[in-house]
Amino acid sequence: MSRFDRVQTSTLPLGVSQVVLTPELLDAPLPDLFAELDITLDESSIADPNFTGAAVVTRDRVVLSMRSGQPDWERDVVARALLGRVLNVPLSPLPELYRFTEV
Numbered sequence: 001m002s003r004f005d006r007v008q009t010s011t012l013p014l015g016v017s018q019v020v021l022t023p024e025l026l027d028a029p030l031p032d033l034f035a036e037l038d039i040t041l042d043e044s045s046i047a048d049p050n051f052t053g054a055a056v057v058t059r060d061r062v063v064l065s066m067r068s069g070q071p072d073w074e075r076d077v078v079a080r081a082l083l084g085r086v087l088n089v090p091l092s093p094l095p096e097l098y099r100f101t102e103v
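The sequence shown stops at residue 103 when you use this note's numbering, and every number in between is there.
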C-alpha cells in the first residue's frame, strides 16, 4: 500500500467557515458548491492513479488537490466526501477502496 492510495484530509479549525454546510448543500453542482464555500480546486502533480485527492486546510481556506485526468465521477464523489469530512458533515461512507487519512 503506497502513501497515495487513500484520500487525505484534515479538520478545519474553528471559525474558518461561516457557511452552514448541510448534506443538501453537498448535492449542489460542484462549481456552485466550491463558489458558495470559497473552495479552491488545484490539479495535483501526483499522477499515481491510486491518489484520489487531498484537502489542504489553512487558517482561512480549504484547497482541494485532485489528480489530473481523474474520471469526472470520481472527482465529484471524492471532492464531496473530502468537504464533508473537513466541515464535519455526516455523510455515507465511501466504498472500502477509498480511505481517509488525516495528516
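If you're looking for bench data, these hints aren't it; they were derived computationally from the structure. A virtual CB, placed ideally from N, CA and C, is assigned to each residue, including glycine. Check the hints yourself; a few may be wrong.
[To be verified] Cβ-Cβ distance ranges computed for the label pairs, FRET-style: (1) Ser45 / Pro90: 28 to 36 angstroms; (2) Ala47 / Asn88: 13 to 21 angstroms; (3) Gly69 / Thr101: 17 to 25 angstroms; (4) Asn50 / Pro93: 15 to 23 angstroms; (5) Glu96 / Asp76: 29 to 37 angstroms; (6) Glu74 / Thr40: 13 to 21 angstroms.
Results of checking the hints against the structure:
no., hint, verdict
1, Ser45 / Pro90: 28 to 36 angstroms, "holds, 32 angstroms"
2, Ala47 / Asn88: 13 to 21 angstroms, "violated, 31 angstroms"
3, Gly69 / Thr101: 17 to 25 angstroms, "holds, 22 angstroms"
4, Asn50 / Pro93: 15 to 23 angstroms, "holds, 19 angstroms"
5, Glu96 / Asp76: 29 to 37 angstroms, "violated, 19 angstroms"
6, Glu74 / Thr40: 13 to 21 angstroms, "holds, 19 angstroms"
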